[in-house]
Structures are given as structure tokens and as C-alpha cells.
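> Okay, here's what each chain looks like letter by letter:
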Amino acid sequence: MIPEIGQFALVLALSLAVCQAVLPLIGAHRGDVAMMNVGRSAAAGQFVFVAVAFGCLTWSFIANDFSVLYVANHSQLSLPTIYRVSAVWGAHEGSLLLWIFILSAWTIAVARFSSGLPAAFAARVIGVLGLLSIGFLLFALLTSNPFDRLFPAPGDGGDLNPLLQDPGLAIHPPLLYVGYVGFSVAFAFAIAAMISGDLDQRWAKWTRPWTTVAWMFLTLGIALGSWWAYYELGWGGWWFWDAVENASFMPWLIGTALIHSLAVTEKRGLFKSWTLLLAITAFSLSLLGTFLVRSGIIVSVHAFATDPERGRFILAFLAIVVIGALILYAWRAPSLDSDVGFAPLSRETFLLLNNVLLVVATTLVLIGTLSPLVVELATGGKISIGPPWFNVAFLVPMIPLVILLGMGMHTAWRTQASKPWLNTFKIPAIIAIILGVVIPLFVYGRISILLVVGCAAAAWIVASSLIPIIRSVRREKGTAGITRSALGMTIAHLGMGSFVLGATVVSAFGVESDRALQPGESIEVAGFEFHMKSLGNAQGPNFSAIEAEIEIRDNGEYVATVRPQKRQYLVQRNLMTEAGIHPGMDKDLFVALGDQLGDGAWSVRVQYKPLIRFIWLGALIMAFGGLIAVSDRRYRPGSKTSSTAPAEPAKAAEAPA
Amino acid sequence: MNRYVWPLVAVGVLLIFLSIGLKDRDIRALPSPFIGKPAPQFELPTLKNPEVTIGSKNLAGDYAIVNVWATWCVQCRKEHGFLLDLAASKTIPIYGINWRDSRVEAIRWLDDLGDPYVASAYDADGRVGIDWGVYGAPETFLVDPEGTVIYKHLGPLDSYVWQREFASRMASGGARP
Amino acid sequence: MKRFLVLLAIMFASSSILAIDTDVAFDDPELQARYERLISEVRCVQCQNNSIKDSNVLLASDLRREIRRLLAEGKTDAEVADFLVARYGEFALYRPRMAGKTLALWIAPFLLVLLGGFALFRVLKHRMSLPIDDDTKNEGQPE
Numbered sequence: 001m002i003p004e005i006g007q008f009a010l011v012l013a014l015s016l017a018v019c020q021a022v023l024p025l026i027g028a029h030r031g032d033v034a035m036m037n038v039g040r041s042a043a044a045g046q047f048v049f050v051a052v053a054f055g056c057l058t059w060s061f062i063a064n065d066f067s068v069l070y071v072a073n074h075s076q077l078s079l080p081t082i083y084r085v086s087a088v089w090g091a092h093e094g095s096l097l098l099w100i101f102i103l104s105a106w107t108i109a110v111a112r113f114s115s116g117l118p119a120a121f122a123a124r125v126i127g128v129l130g131l132l133s134i135g136f137l138l139f140a141l142l143t144s145n146p147f148d149r150l151f152p153a154p155g156d157g158g159d160l161n162p163l164l165q166d167p168g169l170a171i172h173p174p175l176l177y178v179g180y181v182g183f184s185v186a187f188a189f190a191i192a193a194m195i196s197g198d199l200d201q202r203w204a205k206w207t208r209p210w211t212t213v214a215w216m217f218l219t220l221g222i223a224l225g226s227w228w229a230y231y232e233l234g235w236g237g238w239w240f241w242d243a244v245e246n247a248s249f250m251p252w253l254i255g256t257a258l259i260h261s262l263a264v265t266e267k268r269g270l271f272k273s274w275t276l277l278l279a280i281t282a283f284s285l286s287l288l289g290t291f292l293v294r295s296g297i298i299v300s301v302h303a304f305a306t307d308p309e310r311g312r313f314i315l316a317f318l319a320i321v322v323i324g325a326l327i328l329y330a331w332r333a334p335s336l337d338s339d340v341g342f343a344p345l346s347r348e349t350f351l352l353l354n355n356v357l358l359v360v361a362t363t364l365v366l367i368g369t370l371s372p373l374v375v376e377l378a379t380g381g382k383i384s385i386g387p388p389w390f391n392v393a394f395l396v397p398m399i400p401l402v403i404l405l406g407m408g409m410h411t412a413w414r415t416q417a418s419k420p421w422l423n424t425f426k427i428p429a430i431i432a433i434i435l436g437v438v439i440p441l442f443v444y445g446r447i448s449i450l451l452v453v454g455c456a457a458a459a460w461i462v463a464s465s466l467i468p469i470i471r472s473v474r475r476e477k478g479t480a481g482i483t484r485s486a487l488g489m490t491i492a493h494l495g496m497g498s499f500v501l502g503a504t505v506v507s508a509f510g511v512e513s514d515r516a517l518q519p520g521e522s523i524e525v526a527g528f529e530f531h532m533k534s535l536g537n538a539q540g541p542n543f544s545a546i547e548a549e550i551e552i553r554d555n556g557e558y559v560a561t562v563r564p565q566k567r568q569y570l571v572q573r574n575l576m577t578e579a580g581i582h583p584g585m586d587k588d589l590f591v592a593l594g595d596q597l598g599d600g601a602w603s604v605r606v607q608y609k610p611l612i613r614f615i616w617l618g619a620l621i622m623a624f625g626g627l628i629a630v631s632d633r634r635y636r637p638g639s640k641t642s643s644t645a646p647a648e649p650a651k652a653a654e655a656p657a
Numbered sequence: 658m659n660r661y662v663w664p665l666v667a668v669g670v671l672l673i674f675l676s677i678g679l680k681d682r683d684i685r686a687l688p689s690p691f692i693g694k695p696a697p698q699f700e701l702p703t704l705k706n707p708e709v710t711i712g713s714k715n716l717a718g719d720y721a722i723v724n725v726w727a728t729w730c731v732q733c734r735k736e737h738g739f740l741l742d743l744a745a746s747k748t749i750p751i752y753g754i755n756w757r758d759s760r761v762e763a764i765r766w767l768d769d770l771g772d773p774y775v776a777s778a779y780d781a782d783g784r785v786g787i788d789w790g791v792y793g794a795p796e797t798f799l800v801d802p803e804g805t806v807i808y809k810h811l812g813p814l815d816s817y818v819w820q821r822e823f824a825s826r827m828a829s830g831g832a833r834p
Numbered sequence: 835m836k837r838f839l840v841l842l843a844i845m846f847a848s849s850s851i852l853a854i855d856t857d858v859a860f861d862d863p864e865l866q867a868r869y870e871r872l873i874s875e876v877r878c879v880q881c882q883n884n885s886i887k888d889s890n891v892l893l894a895s896d897l898r899r900e901i902r903r904l905l906a907e908g909k910t911d912a913e914v915a916d917f918l919v920a921r922y923g924e925f926a927l928y929r930p931r932m933a934g935k936t937l938a939l940w941i942a943p944f945l946l947v948l949l950g951g952f953a954l955f956r957v958l959k960h961r962m963s964l965p966i967d968d969d970t971k972n973e974g975q976p977e
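Residue numbers (this note's numbering), protein chains in the order written: chain H, 1 to 657; chain D, 658 to 834; chain A, 835 to 977.
Just so you know, the hints here were simulated from the structure itself, not pulled from any lab data.
With a straight-line cut-off of 27 Å between C-alpha atoms, the simulated DSSO-like cross-links for lysine-lysine are:
(1) H:K382 / D:K680
(2) A:K909 / D:K694
(3) H:K382 / A:K909
To give a feel for the contact side, a few chain H residues facing chain D, derived at Cβ under 7 Å:
(4) G311
(5) A319
(6) A330
Using N, Cα and C, we set each Cβ at its ideal position, and we do this for glycine too.
Let the hints inform the model, and build the full structure from the sequences given.
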């Protein structure tokens with residue numbers, strides 16, 4: 001009964017989505033307030049029914065209802081309850097339902113917080129979100145129904161892929177989707193502006209917080225995925241440039257460019273059509289990502305079970321959405337050109353550089369991801385593009401970007417006098433060069449160009465980010481002069497610095513060693529001794545394991561004991577490697593079991609990973625910076641600066657810079 | 658007006674490629690670099706009689722099939738019936754490469770199920786398999802009288818594949834054995 | 835104990851996600867480093883998307899063995915690449931070669947940055963010629 005309720009709820013949600021899309025859009029066109037207001041109520045209704053459907057599917061999992069095909073395929077009696085819940089989004093149909101749920105959640109958030117927006121604009125935004133909901137609900141109902149039944153119902157299920165039976169991977173999709181789907185809000189804002197033809201600085205200000213929040217969640221989702229791959233996949237890497245990883249990274253890069261471009265549009269009314277294009281592109285890349293993962297067009301360990309029919313549906317949907325948006329763009333963009341200028345040395349220039357480099361980076365990732373497919377279709381030959389290429393290609397725009405990062409925020413809008421500007425950088429430059437040499441040479445004992453550049457860049461970012469904060473605190477004798485927006489920016493940039501430091505150091509100084517070990521034997525890596533004390537059995541709720549007890553010593557002094565396991569899950573019979581990790585902010589010591597060799601020995605991979613936690617810490621800090629920026633006064637409903645009255649000349653009432 | 662249309666053009670091209678990519682194709686299939694090139698040189702002891710060697714020299718002079726198989730390969734068992742029929746029809750000599758297998762098991766397999774091969778080479782360490790670019794059994798190569806590889810098929814053979822891919826190429830290529 | 839052995843046997847028989855190559859390392863640390871780098875850049879053609887360093891299927895360990903042999907014979911990295919490409923095509927290399935069709939891939943980053951720089955230059959030139967002062971709102975906002 002419950003699955004049928006769920007299915008019916010989806011159908012009702014679809015009909016509400018139709019109301020939500022059609023009526024407000026027509027109403028906005030006609031100026032009919034009643035029709036426009038339908039948007040909010042329809043959105044609320046859609047959310048309720050989607051939530052019901054999601055609840056029904058979750059219930060089916062918790063109650064082990066194997067008469068539901070999706071549950072039978074992806075759950076098991078012995079599956080711990082918490083993973084029964086995360087199994088809901090563990091495969092295609094359920095994760096699609098999660099997507100729909102998050103989209104409707106974003107929609108009611110927009111409905112709830114849009115009181116400051118002009119009625120017609122808000123109606124159009126909600127209408128466009130409704131159109132997107134229609135597309136996804138149709139996709140689910142027509143091709144990927146999670147509530148399909150299976151008769152006769154089996155006594156037990158096929159189990160959730162053991163890789164997914166992990167807390168990190170349980171939250172990873174929801175976080176990621178909140179980000180992915182969140183870019184649809186910026187997209188809807190862009191479409192609404194193009195329909196009405198009205199695009200000004202206020203539009204940029206409205207769009208910014210929504211984009212920043214989506215970006216925040218995407219940052220966290222990607223970081224979580226990277227961290228999970230590190231501790232769960234057993235090879236100690238944190239990024240493999242796999243097609244699906246790239247699919248989430250490209251929207252992130254464009255989202256970052258979008259946030260920066262919105263800053264210019266909000267401040268000076270410039271780059272309007274460019275910002276529009278970025279908003280369209282960010283969400284289009286989200287859709288492209290969904291397509292790549294679910295269509296079976298690209299081979300990847302991450303890809304969902306594939307089906308060309310589903311691929312065709314998504315491709316058609318992608319085509320309609322993107323081409324529709326770009327037609328609007330081609331129509332409206334030419335009239336958006338503004339007549340103001342800026343000097344070559346100005347913040348506008350730096351933000352433009354930021355955008356150019358991020359777009360180049362995104363294009364390179366796109367080329368690397370899709371070229372094998374294009375080459376195969378065009379010539380029949382197959383090529384591979386892997387980390388060796390990506391790592392080099394990505395650095396080409398990124399190195400200049402991180403250097404410029406330290407400079408842009410000190411540059412004034414419109415025009416910047418060069419002498420005082422250069423002066424600002426004296427201290428950070430000195431710090432950067434010193435640390436750039438000291439860290440590799442004296443802390444880790446080795447030096448090379450790339451190392452110096454990486455460490456110097458990180459130091460440069462941190463030092464130059466802190467300067468305006470320190471100055472402001474000194475001047476105001478307190479933190480009064482710092483807006484949350486500026487603080488958020490600083491924090492996010494600091495996060496970037498942490499990331500650059502971690503990535504540079506671990507790539508350059510990480511050590512990896514494979515050895516055969518028997519109980520009683522030791523191996524030495526990076527000055528640490530790893531001693532295998534014993535090898536025995538371990539048991540979990542739905543797996544059996546071989547567990548090694550490895551004692552780590554530093555010059556004889558006890559450091560830690562880690563217990564890497566080789567698990568065999570009872571149903572799907574996959575072998576999983578659980579690494580034993582001794583974490584630390586300064587380094588991780590990582591041990592994983594490989595294979596059993598003859599005579600009781602096991603192959604063991606030991607890794608020394610200095611500063612690897614700085615990578616994910618950096619992402620956390622970046623996301624936190626976004627949070628702070630969004631909490632800025634001027635985004636709060638009801639504040640003077642969020643009023644929708646026509647643009648007034650700058651008043652002293654506004655906070656001084 | 659012009660430059661605002663470029664995104665549309667770029668996206669259009671991308672969408673066309675993606676839709677072509679969705680067409681029926683085996684994303685795991687790897688085209689063999691040997692098509693149109695001389696068959697890789699090899700010489701290995703035969704499966705049943707280690708004193709006798711067999712190799713690329715045996716392939717010359719006539720069309721020949723080289724079939725890579727193993728007892729641990731489930732799909733090889735599937736195609737075995739067809740190979741026996743093909744051998745019985747005397748259309749073309751079938752040479753086997755027994756890939757990474759146990760000699761005892763392989764001989765027993767052939768004794769139990771029948772031996773369609775003129776002879777099987779015993780590739781114990783997989784070196785010859787690698788030389789032929791083998792990555793998954795069964796794989797079957799069609800070699801022409803000059804010793805050039807004309808076609809490679811990944812997966813089990815059946816009469817449909819035989820007609821469509823092998824027989825047709827033999828017919829258009831020239832002399833029949 | 836019996837269960838333990840059975841478990842070990844099952845594990846030994848099935849393929850695992852993590853492969854570890856425990857052949858004796860080369861005496862020459864540079865050669866060993868070359869070997870480790872090479873095997874991380876060669877694709878396990880049979881697998882979804884793994885290098886032969888991280889995969890333990892039969893083909894992966896066979897390919898590792900071949901690469902060891904080639905390195906021991908004194909072959910250069912390019913010759914190892916040629917060996918693999920002759921047998922499995924360009925698909926086998928995660929590092930596209932800097933020749934032929936894949937050369938464009940290595941030029942692309944620099945080309946794109948140049949293009950971006952060119953576009954930037956044109957925008958700057960245009961904006962330089964326009965009036966800088968204007969009465970846009972948000973005069974007081976720091977960013």
C-alpha cells in the first residue's frame with residue numbers, strides 16, 4: 001500500500017508542478033496577481049507530496065519491503081538500519097527522487113524568502129523551477145519509478161553495494177545534490193531576468209546569496225567525496241579525475257566564477273550578460289553531470305547502472321533546458337551592455353582574470369572528460385586521458401589564479417593607483433618567498449620549482465588575505481569596519497590557501513610503500529616503523545573480515561595502533577579494503593591490506609601523507625566563508641539595503657567601506 | 658548579435674556528439690591495433706604435446722582462426738559448441754591459444770567437450786596473450802593467407818557473428834581455403 | 835580456525851579492489867621509482883577505470899611483470915609506451931602521448947590561456963575607453 005501511496009504522491013506532485021510552472025509564468029506576463037500567487041502555494045503543495053513520496057520509499061526500506069523492486073535490489077535484511085535509510089539514494093531511481101525532493105525544497109525556500117522581490121520576478125523564478133520539477137518528475141515516473149513492484153517478493157534483497165555502507169558516503173549525495181540542484185535557483189533567476197528583460201544590480205544582489213549557499217554545499221559535497229575515496233578505497237588517493245568526479249567539479253568551478261562575476265555586476269552593473277551566461281552554464285553543467293553518470297555513455301566506477309533510454313530522456317531534457325536558455329540569452333544579451341568602464345589596474349580586471357582562468361580550467365576539465373568519447377565517435381580509436389594529463393593541464397590556469405588571488409582583494413574598484421598598491425604586497429611577498437623555500441627545504445628536506453611555487457602561493461594567499469583584516473582591526477580598534485561579506489571572502493580565500501598547501505605538500509612529499517608482511521615483521525616508511533603484531537578474524541553485522549593489528553613507532557616511541565581490515569560482505573561477496581589510518585593535522589599514517597600471499601603473509605600498502613587533512617580542512621573553511629558571507633546584513637529581509645525600491649543614489653546611510 | 662550565438666552553436670555540437678554516443682555501442686570494446694597489420698610473431702609449445710611448438714609460422718598460407726580460450730572462462734564454454742561445428746565443417750583451421758590456464762585442466766576440458774583446434778598453443782605466463790593485445794577471453798582473430806590480421810572478435814562466437822563478420826570478410830578478401 | 839582458513843581461501847580466490855605489487859623492488863631506487871610511476875600511468879584495460887598499480891586482475895599483474903622486464907632490459911619510458919600502444923592502442927596509457935592526435939591535448943592548456951588572455955585584452959581595451967565614474971548604487975559597499 002505504502003509504495004502505491006508514494007507513487008500516487010509523485011503523480012500529484014507532478015500536477016502541482018504543472019500548476020506551479022504554468023500559472024505564475026502566465027500571471028507574470030499578464031500582471032495577474034492571483035495567478036502569480038499560485039506559484040507559492042503550488043510549490044508548497046509539491047513539496048508536501050514529494051516529501052510523502054520520499055517518506056514512503058524510506059519506509060519501504062526501513063520495513064524491508066522487498067516487494068518493491070528497488071528495495072529488493074539495494075537492501076538486505078542484515079543491513080544496519082542507518083544504511084537502509086541511506087540506501088534510499090544509493091542507486092539511480094532513489095537518488096533521482098532525492099534530487100526531486102531537494103529541488104522542491106529549494107523551491108519553497110525561494111518562495112519563503114522572496115518577499116523582498118518584485119511579484120512578477122518571483123513568480124517567474126518559481127515558474128521556471130516548476131518547469132524543471134516537471135522535467136525530473138516526468139523522468140522518474142516515465143523511466144525510473146522507484147516504486148515498481150516485484151512479484152513474487154523475494155525473501156531477502158540483493159544488498160546495498162558495500163562501498164556505500166559507510167557514513168561518509170551516506171551523506172555525500174545529499175550534500176552534493178543540495179549544491180548541484182541549488183544552481184537551478186541561479187538559473188531560474190537568470191531566466192526570469194531574461195524573460196522580463198530587466199537585469200540590473202538589484203538582480204545580482206538577489207542572486208548572490210542563493211548562488212553562494214548552493215556553492216557552499218557543493219564544496220562540502222565534493223570534499224566529502226574526496227575524503228571518502230581516501231579512507232575507503234584503499235589506495236590513499238584523494239582525487240582521480242574520474243569522469244563522475246569531474247562532473248561535480250565543473251559546476252563548482254563555474255559556480256566560483258559566477259560568485260565573483262556577480263560581485264562585479266552587483267557593484268557596478270558590469271558583465272551582466274556574462275553573469276547570465278555563467279548562471280546558465282553552471283546549471284547546465286549540473287545537468288550534464290547527471291547525464292554522464294546515468295546514461296552509460298562513459299565508463300566509470302561511479303556510474304549508476306545504465307540504460308540508454310534514460311540517457312535519451314536526460315539528453316532531451318538537457319537539450320531543451322540549455323537551448324531554451326541560450327536562445328533567451330542570444331535574444332536579450334545584446335541589449336544589456338553597459339556604458340561604464342574601468343582602468344586596467346582595478347578590481348574589475350582582477351575579477352575578470354579570475355573568470356577567464358576558471359573558465360579555462362573548466363574547459364580543460366571538460367575537454368579531458370569528453371575527448372575520449374569524441375575521439376571514439378569520430379575515429380573509432382580509443383584513447384585515455386588520466387591524472388597525468390589532468391594534473392598538468394589543470395595547473396596551467398591554476399597557478400596564475402592562486403597568485404592573482406592574493407592581489408585582487410586589495411585592488412580598488414574602477415581604478416587603482418599603482419604605488420600604494422604595490423606597497424601592500426611587500427610584506428606578503430616576503431613572507432611567501434621565505435615560507436616557499438623554508439617549508440620544502442627545512443620541514444621536508446627537499447626542494448623543486450613546483451614545490452616552492454605551491455608553498456609560496458599558499459603562504460601568499462594567507463598573508464595577503466589577512467592584511468585588510470589586520471588593518472581594519474587596527475584602524476577601528478575592533479571589528480566594526482569589517483562587513484560579513486568581506487570577512488566571508490577572507491575566510492574562503494584562507495580556505496583556498498589551506499587547500500593549496502595540503503595538495504602541494506602531500507603530492508610532493510607523500511611516500512608510499514608496498515611490502516609483503518607476516519605477523520611479527522616490520523616495514524619502515526618515512527622514518528616510522530610499522531610492525532604487524534597479529535592477523536586475525538573480525539566480524540561485523542553483515543561482513544566477515546581479516547584484521548591486522550599494526551603498531552606504529554617513531555624511533556622506538558609508540559605512536560598508535562591501526563587495524564586495517566579486508567572485509568568480505570556476505571551477500572554481494574565483494575571484498576572491501578578498510579584502511580587503518582592514524583590521522584593528524586600534520587600527517588596521516590595510512591595502512592591498507594592488499595592480498596593474502598602464500599605462507600601467511602599479506603601484501604601491505606603503507607603511506608605517509610603529510611598535511612593531507614589541510615585539503616579537506618581548506619574546503620571546510622571555504623564553505624564556512626561562504627556561510628559568513630551569506631549572513632551579511634544586506635541580504636536579510638527587511639534591511640534597508642535589500643529594499644526593492646528603484647536604485648537611489650548612494651547614501652551615507654549605507655555602511656562605509 | 659553574432660557573438661551571443663556562439664554558446665548555442667557550441668552546445669549544439671556537443672549535444673550532437675552526446676546523442677551519437679548514446680547509440681548502441683559497446684563502451685567496453687577496445688578496437689584491436691592489429692587489424693590490417695601482420696599477426697604478432699609467437700612460438701609456443703602445444704598444449705597436448707610440449708615437445709612440438711606452434712606459432713605464427715603455422716598460420717601462413719591460408720585463412721586461419723586464432724581463438725584465445727581458457728577453462729576458467731565461462732563464455733568460452735558457451736562458444737565451444739559452435740567451434741566444434743565450425744571445425745567439423747572444415748571451412749577454416751582453428752588454432753587455439755590456451756591463456757593463463759592449467760595444462761592438466763585444459764587437456765581434460767578438451768577431452769571432455771571435444772577439441773575443435775588443429776592445435777592449441779599453451780601460453781602459461783600470458784606473454785603471448787599480451788603480444789596479441791588480449792584482455793578478456795574468449796577473443797578470436799581472423800588471419801588472412803599473408804598472415805595479416807583482418808578482424809578480431811571479443812566474446813563468444815556464434816553462427817550469426819561468424820556469418821556477419823568472418824565469412825563476409827573471407828569472401829571479399831579473395832581466395833577461399 | 836577452519837572458518838579463518840576458508841575465509842582466507844575465498845579471499846585468495848576472488849579479486850580485490852586494492853592490488854599490491856610485492857615483487858622484489860629494483861635495486862636501483864631510480865629505476866624502482868620509474869617503475870612505480872609507469873605502472874600508475876598504465877590503464878588496466880580490463881577494469882572500469884584503474885591503473886595496473888591499483889588493480890589485481892590477472893592482466894594487470896601480467897602487465898606489471900612485462901613492464902618490469904622491459905625496464906630491466908634497459909628500455910626507456912617511450913619504448914615501454916610504444917610496447918603497450920602496439921598491443922592495446924593509445925587506450926592503455928593514462929598519459930596521452932605528446933605525438934599524433936594527442937599532441938593537441940598538451941597544447942590545449944596553453945592555447946586556451948592565450949585565448950583567454952586575448953579576450954581579456956579586448957575587454958580591457960574597450961572598458962578603458964569608457965567613462966569610469968558613474969553613479970551606480972553600492973558606492974559604499976566594499977565588494
